[in-house]
Amino acid sequence: MKSEYPIFTKEMRKTHTILLPNMLPMHEKLMARIFSAFGYKTELLTNSGHGVIEQGQKYVHNDTCYPALLVIGQFLDALGSGKYDPDKVAVLITQTGGGCRASNYIHLLRKALRRAGYPQIPVLSFNISGLEKGSGFRITLPILHRLLYAVLCGDLLMLLRNQVKPYELESGTADALCDKWVDRLTDQMGGSRIRYRKMKETYREIIGDFAGIRREGPRKIRVGIVGEIFVKYSPLGNNDLERFLMDEGAEVVVPGLADFCMYCVYNNIVDARLYGVRKLSAMGARWIMRILLKKQRDVIDAIRSQGEFDPPTPFDHTLTLGADYVGCGTKMGEGWLLTSEMIELAEQGVKNIVCTQPFGCLPNHIVGKGVMKPIKAANPDVNIVAIDYDPGATRINQENRIKLMLANAKR
Amino acid sequence: MTQLIQNAQPSLGIDIGSTTAKVVLVENGSVIYERYERHFSFVRKKTLEMVGQMRDLLQGKRFTVAVSGSAGLGMAKAAGLPFVQEVFATGEVVRRLEPDTSAVIELGGEDAKILFLKGGADERMNGSCAGGTGAFIDQMATLLDVTADELDALSLNYTKLYPIASRCGVFAKSDIQPLLNQGARKEDVAASIYQAVVNQTIAGLAQGRRISGKVMFLGGPLYYCKGLRRRFTETLGLSEEDALFPEYGRVCVALGAAIYAAQDGTAYTYEALARALENAAGQDTVSGRLAPLFATDEEYERFTARHGAATVDFTDPACYTGDAYLGIDCGSTTTKLVLMSDDCRILYTYYNSNKGNPTETVREQLAAIYDLCADRIRIRGSAVTGYGEELIRAAFGVDSGLVETMAHYLAARYFNPDVDFILDIGGQDIKCFKIKNNSIDSILLNEACSSGCGSFIETFAKSMGYEIAEFAKLGLKAAAPVDLGSRCTVFMNSSVKQAQKDGADVSDISAGLSVSVVKNAIYKVIRASGPDDLGEHIVVQGGTFYNDAVLRAFETEIGREVIRPAIAGVMGAYGAALYAKNTHTGRSTLITRQALADFSHKSASSVCKGCTNHCHLTVNTFAGGKKYVSGNQCERALGISAAQSLPNLYEFKRQYLAALPTGQGDGPTVGLPLALGMYELAPLWHGIFTALGMRVILTGSSSKKLYAKGQYSIPSDTVCYPAKLMHGHIVELLERKPDAIFYPRLTYNVDERAGSNHYNCPVVAYYSEVLADNMEELEQTRFLYPYLNINSQKELSKELLRELKDLVPGLSLSRVRQAVKAGFAALHDYMNAVYAQGLQAIAWAREHGKRIMVLCGRPYHIDPEISHGIDKLAGALGFVVVSEDSIFPLTDPIKVDVLDQWTYHSRLYRAAKYAGEHSDTELVQLVSFGCGIDAITTDEVRAILEGQDKLYTQIKIDEITNLGAVKIRLRSLIGALEERRTAQ
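As given, the protein sequences belong to chains V and P, one line each in that order. Going left to right, the first sequence walks through residues 1 to 411 as the numbering used here numbers them. Going left to right, the second sequence walks through residues 1001 to 1984 as the numbering used here numbers them.
Be aware that a few hints might be false.
Unchecked claim - In silico DSBU-like links for lysine-lysine, alpha-carbon gap of 30 angstroms or less: (1) P/Lys1226 - P/Lys1709; (2) P/Lys1077 - V/Lys351; (3) V/Lys410 - P/Lys1214; (4) V/Lys180 - V/Lys200; (5) V/Lys410 - P/Lys1077; (6) P/Lys1046 - V/Lys403; (7) P/Lys1602 - P/Lys1626; (8) V/Lys351 - P/Lys1214; (9) P/Lys1473 - P/Lys1186; (10) V/Lys403 - P/Lys1118; (11) P/Lys1602 - P/Lys1704; (12) P/Lys1045 - V/Lys403; (13) V/Lys41 - V/Lys198.
By construction, these hints were calculated from the structure, which means they are not laboratory data. The structure presented is a predicted model; accordingly, all values stated were derived computationally and were not measured.
Here chain P stands alone, though its shape is the one from the complex (with noise of 0.2 angstroms):
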């Protein structure tokens, strides 16, 4: 090693993160000490015994010293030490040790930090969000239920990686789940979950700029896990020798930190610096603290003594003869078991964690049960329901399966007649539905961004080190909890970092995190204002309200006395019990005590080629030869063929773009991205240019690969998933050489005269700068991003004359004129013909008695890869889809309580009217994430809905490619309203 620091005095480093605490010791220029240790959030005391250790290393010698890390900011003020940056100590190493570094990608426990040291050196962290680090992984481990090291070792024998969502660790979560439930092999899971998180370091931090060059990769997660390196390297195609990973890669920080005291200059002695530690960690700087859960041990003994009292009858199964049956809630991350008697009591209950196989805890507990049962017991019906309901139904043959939401009113309903609300928050979930005339009247289901919030407390009592139960009870009595917000679950990582700086305690943030949890269910799903906004009854269950201090922060949060029923836990299993119960044939078809004992589960993956969508099949394979096949978005994986397809306006809409002709004339060529507002405007500009004799190229829709092509150039990690796409749409539009490029800049979009105002919005409307300013290749045609006025043909025309007129030789202001008239005819041709396809979609489910679905968003969700297939699945599901835009002309413009000012938007609050008109008519409304326009018309939406006393759906979609709860969703929302017809 080089040497580090030119002055012979020992220099300390101190290096405190998010998880890890890291000393290092500099003598005569190099490295005699070094420690990594987990500091399971006692900062200071883990500073002190660890210096402590260096005693005889340090004791009687002057020596400089500094601290860093993310943590040991607050420490380092405390005790008056010299303070360095953390990324600024990295940079210092980088320079000494590896001057010919390019760039450096640093991973911690909550950060992660990429350094560009070469051609405009530049450093960037990760901000608001944590996804993709060192808690990402540990977090993902416990799904697995593996230690980080076996997930390492997983990973290296991977065969194939599955896309998981990158952006944020809570979504990877949805999409790792299901994946897991379906059977995916843990070994091509755990090298997917590495690759989430090279392709979120990608995204998120490099931010437009090419990672290339010599790497260096440091922090613990990337010292320790031979996989995660694996990924970057192949990921970032770098050469053995262009990928460094030094030895002093974990505690790098640290060494940077003693590389700055050297410079700094103060020196201390082992007992200068002992007592100001000691000082320091006697200092209690906590701000934002709640009041007590309990403020007595009376209250508490009231509190429990009262839902103690909200219990189910069990029965003794070995003195039970007679008919059962059998109720499984396959959940995202437990698996739960109800055996209820043919009076509803219950013989038997199991919950616990699936531990990334549900099929085996299925096999073992149906296993467990039929020895119960004998020959006493005959167990007459079956259900299952939850995220792994069919696989569990092929699996084992189980009678009937029903959508989750259904399973969990039953059981509110049978416990508690008068019902009307109901919230459930299990591992992952949270939701909560209102009861209305006997009928689930609206359904709430988390957004993916602040789901995991049962599993977010388990996650992290784990990494400090307790079991849940027990971390639950310290909740209790905490005398102060922590107010850690709340927002999704991400960001309370960071805030619990805080208070841990802080120095609060683990009592206090765990009765805080139960305290943000309850927030979130009240404040960001079912987003009331008070009690009364949920109801008179409330029953709450889901396994986190086991939790005593999530139950408590609930009933004070609302002000109101809640039912918890004692089997909080199983309620849908309870739930498919009863409807086993009530929907048996006399005969079940379960899967017999002897079959089980031959049971076996196979599971292998492949891509399905059925169309160009090219799914991530799991093939399951159970003894006997029978197959499940899952991760198809459509039936043809099924062998199934579309022929039978219902009218979808989406699919209209994409052929008839797709059928675009590129033009006849041997004029230039002129390349318009298939993305935001072209996905409407297209014809238009389509027609005049080639009207002008210009040749069109239009690119298709989008996909998974195509948008990674122009990942490295986003600028922004939370603009919407559309707009993100653009940014592909012009990499595969310059692959085709044209001589222009054209995305005009449009203020204004076409006046519908609805609302007070026509704008795109922001994104939509400017987009074309972003690309200007962060895609250099632009530079290789001309890119045309004139501002237009496209509400009057004479300002359109005099625009376009000045901006084509070098590009088209001998252009004339008469001829751009024609053109333009031209553009207009095909646009409105184009409206007509949807408006035209809708009526007859229409016609023909009345006709055919269909239920029709007015899938609301913009037009450029009907790109595949933006809906996901929500269009087929709704399809498959027995909705006629029309589109917002196909509808609206049927009724007149709405007075809304919302300035009412977007084109696209406008469109929404007419759909929703037309919706809550007509009886047969569903709404479901599409909102990209991060569309921040949404937020105010997703309200409205709902408010003219309920007006009409109809449902509100709505689906929040992103990168995300799993169906799974966007099916739960529909199938609520049938079930709710197959319920309210019956009870009519």
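So that you can see chain V by itself, here it is in the shape it has in the complex (with noise of 0.2 angstroms):
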């Protein structure tokens, strides 16, 4: 039945902190900057281990998928730690709408705020989708604008990073230099206006001082890591899957985010082509869909003009790579996407590749684990591993079957 739960007012946009949940710690420390220079005070919440999850697992309905139960435990984990003024907080939550059950995950956790004695804590409303309307965090144009920066360059330093950590002489120096550009852009995207030229410029310097980074010693085996979005990249619901296979002697691939923005986006082009309706959206997001796509393109250029490094692949391809498996259509959780970047991991050389999904999702039991057999038929020399992840999934098998995976790459 319906309860009626706070809405964030304008007021409070000085009186609260909003705490951001774990999931790309780069980027969200970026977006977190860009907040608070439009008056918002937010906080980006560190909290890990297991507290979180015997938190998420007390409040949320255990079979709900796992990166719900990690990030609402990871929201009741820090509340509970005394840090924070209940009277003076709210928390922010991603929302991506669409027909896969994490479009619920909101008011999973508003009702998991009420049970565990939290009932004034204001929940936000991350989405484009027009998802909860009426509150007083509102993400402008202007905001929107420096976010998609964020993403840029949060993928950018991120495919660096994995590109150089692996042969750097001097360990430790590829973290040092990411964490000093987070710093370096935080201050950027808090000014008052982004340039574009000087955007295009910073990529340049980024990509050279990575390439400036003492590196030795032959290619490693590259491995590629798609799936859900939560527990593809948050190292609290992977396992700190990166760092186990850097371990091994992987370079580790990850399709970047800004991917799954315009997959976002580009949906709603589709909805229009194949159905007939909100026609009028569909021109909205087709003319997004270029800016993005031009933006996407300039970071791919700046990587190819400097030439050591592997540059993402165009969105514009990508998005025509999984078509032989799945329709462009298939649109629920991570879709198509996901697919369509198994294909262009096997297409970048990117022979090995984990497909990480919470236990039972829903999707991924489709455009994942549904399509890995026509894809091995059609790439013999691809191996792709499922990994499942939930509160019981022990490290242990999860890890071995990986290691198989490296086994067979190595022969």
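Hints are included, so try docking the two chains, each in its own frame, into the full complex.
Next up, the structure:
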């Protein structure tokens, strides 16, 4: 039954600190800075460990997907730490919308807050689908504009770090450089204006800095990570998969967040084409798409012209890749993008792929496990291992299966 | 044997699996030494010991070494030895020794693997599910009270196989237990267990790939169990020369490790190896520990003193003369009896494992009780409860039977009149109920996936070489219990494995298991967020609470003191005795002492031919020719016709769909698989296609056989059962060679203007992608799976024209538009008929004073293979059954606390509102295992009902075929309703 829940009012911008869940630390640091530049107080949560899972299990239906358990558990764990005044915080959660049950996280979060004794805490929805209207938290165009750059820069840093770190002579250099750039970029993002030309210059500078790190050694086995967005990226969700792979002597390749954003926009275009609905919003989406493609192209060009690193695949190419396996109208959860990313990796020569998914993830039955057989048949040299994550799955089993994939890759 | 390794230098392979350790020494290219031993979780100690035994062989030589196996990983790391992944190691051996092998199946203690070596090499291991492995077989043997060897011997003499759910060990267990209780032959059960292992391997690991050609079988279980070998070869249809069971089967991984080591090259001496292992043995790298159960000895003493006070009066039967009442609780793994005096004191109790043969246990006990009674004590009444209720009642003429939830409540209430919360953890089940206004307010039973908690600790204790009592005692003194998480016990298995790998102590594991069981009960079953969610006066019972560690963990977890009656294990039987006293008629029908002496029991199995369901029946025959039949889903097996059945919307819908005609046209034929979304939209598509002059083949209801037909092509073993059945429907359609098969992709369902959107769930929406990608046979026909918009006739017509114009010659848009119109008219007719029938059923129920049950689910839940005849069971229990889609139009859309955006699910909320508003209507929600969306809807439906002070009942369904647990649910519901009525 419907209950009332607190709304984040305009006044709360001054009094309340907005807590952000932790998925992609680099990206989110940049984003947090942008929000503060627009008058919101934000704080990125970094708590992890057992308390998080415990709180999640306590307040969220245990059959709900693991990401929901973790995100909500992280909030409650933080609130329970006593560090925050429950009357002075709000929490923010992303909502992509669509037929996947993930669209329900926000409601589960509200229920959980109420049950845990924080009925007064407003929940903010970060979405671009027009869900949850009428809150004092608004993603305005200038914010969106900056967020776009945060995504692009975050993706760039992630890509460069992954390509440099396994080879650095002095361990820790790539991470330190990332930290340095996150700081510099936050200053830049917080500024009153974002200049397009300046951003392009920044890309080149970042790439140049990473190229300057002294590296050695032959190319390592490259391992791609695809999957449900939270467990794909979040170390909390995937038992620190990136680090594990690096420790095992692999170079990690993770398709960026920009693709997911573009995927969300692109689906509006597809809906109009397939079902003849919402043609107006499709026109808007087409326009946004052009801008996004151009912005992504800038980054790719900068990487190409420097010449030492593998650039990401342009989204307009990515979106054609999965067509042999799933239709572009298959759009719940990560939808066709997940399939496309597997092919994208194979095309880039990344023949080993870890497909991460929360146990029982519905879309992944289709676009993950459902397509592995034909993908392997068409690409016999590609190794894909599907790994389930949930509170009960043990690390040893997950790691053992990944080790098998690596052993085969090394043969 | 072919030359294994080229170089002459000795090479040692060590494989440490989850339960056993194996070593192989290869010298001059052949195996000169091998050992296979259980390590009882003393991984490092065992390895050292086994290496020590090889001292004479190794001393003074330089040799290479490598470690493999799931439990070997940590040790190899700590000792700095080379490690090789076990599947990889196996592959090395097979490629050398049997290069023409096309597939390898390897079963270990907790792992199961398949390697495909021919035509696109591929290796698969079990993921988060450890069902169908050696540990599972061990558990099942314990359940049957035989050793693993005896189980194997039994299986060779089977005459029939029972279907046993193959996904997960826990499911299988809840299938097997009732079989045993119903008196099925152990031989047949043993073979069925092996068959379940086979099915699990094929379904869970092959995932859409056929296993054929030369197949090699490896690992301990396949080395030792002849019956298992036979089941595998028969199921896979392998000839004798194609099924390889090599001599090195159980040590294959160790052999592979030796080969790998020879290539790796680092040479060791015996002393260096021993030192490395010793150093590793000293290391302790455990993460995730909990606080001890008792901080001090005083704390423990206070605890025991407090619980020691919660006793019941006993009377020595030798000194008692008068009336007595007998209560029997024939549980899933244990049998309990209580003989109670007229003033409710206990004369005699019995609690023990039923050793897979409850009738024999009860017979022995009755004889003992009659001896005790002599001429002084007269049994006035008797009652039986539990899984074996009907069998025991039939066998021994017990006066009455009652559902176990009621028995437990009666006992707890007698014990503490203020009780408001009862938690019972038995061998396999967790039951808990809240009491409000002196009646059962809500009942929660564990879902099939987390059952087996109590017996899990016991099985685990045994596997580590301890008796349960001793094991529990160790846990009480644990310094730092291991944190094992709280989920399905099968997952706990691997957590324990990890803890052992990390060198955790037995006491820490024992305590950790207790905490896990408790957390499972609180968070998984009760789903409480704090003590207030439970109650003030909590009574805990059931055999598992005899374990002080569990009791303590429970109190600590909820932060409240609870009562554990001294007779915690026999509360069900005590409740039954109380019930017998309350309902006795003066003259008991219980078997007499004389008749008991002549008691005999035989059981035979047969298949019911009453309908197409072909239930597997167990016919029990007792002395004097009295018969009891079990396993039947309906009354037909008992010779009762279905003529007097009550209105049942599920049946009505099934008949409506089955009656859809093929179509008169001479146009092309199109096949429609009757699964998932097709269950509701069949009239629409059927209407459109027949209007276009096409002939329509609609598949019928699913069956186990149909499932088996398509099972090989299912890529995801955790997808819901209704989706898995889709594969079988496709195979069946293909056999009938239609010109096309149609299952469209429907992101959006019909817009009923209820929620904020009208999606299908991802599986219903896009399952045709899975079919297209995983069933190559679909190339034999035209598989049509366009994205369609069924909310706009115009868009739908345009898209269908595009899709069908190659198939149907001379098709025009106007013709398609007409057909679409006709299709929607047909859909409308169907929905209206369902609605009208619903109204009629409700009216009939009210006229005849019957209870109404809204059996809530999705349209496809009417498939008898999905709902397992629950609708008929409800009818047999006196409910008029209506479906959610027949009554939701009776209420307005309702605002809910979650995102209400799926068409099928919006109906649930409205149906719940209807049930909430009508005192004669109860709601039971069917939830398919693996349905992610129902994790959201169930809480909401519950909230709607409880807001109206109604009971909420949820039934999780999967492949399982046993209705026993469902029956308990529904009978408990009826019991609670009746209690409520009398209370008013």
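Here is how each hint holds up against the structure:
1. P/Lys1226 - P/Lys1709: holds (27 angstroms)
2. P/Lys1077 - V/Lys351: Distance ~27 angstroms between P/Lys1077 and V/Lys351 Cα, so the pair holds.
3. V/Lys410 - P/Lys1214: It holds: about 27 angstroms lies between the C-alpha atoms, which stays within 30 angstroms.
4. V/Lys180 - V/Lys200: Roughly 18 angstroms between the alpha carbons, so the hint for V/Lys180 and V/Lys200 holds.
5. V/Lys410 - P/Lys1077: holds (19 angstroms)
6. P/Lys1046 - V/Lys403: Holds - the C-alpha atoms of V/Lys403 and P/Lys1046 are around 25 angstroms apart, at most 30 angstroms.
7. P/Lys1602 - P/Lys1626: Holds: P/Lys1602 and P/Lys1626 sit about 11 angstroms apart, inside 30 angstroms.
8. V/Lys351 - P/Lys1214: Distance ~29 angstroms between V/Lys351 and P/Lys1214 Cα, so the pair holds.
9. P/Lys1473 - P/Lys1186: violated (33 angstroms)
10. V/Lys403 - P/Lys1118: holds (22 angstroms)
11. P/Lys1602 - P/Lys1704: holds (28 angstroms)
12. P/Lys1045 - V/Lys403: holds (25 angstroms)
13. V/Lys41 - V/Lys198: Since the Cα atoms of V/Lys41 and V/Lys198 sit roughly 27 angstroms apart, the hinted pair holds (cutoff 30 angstroms).
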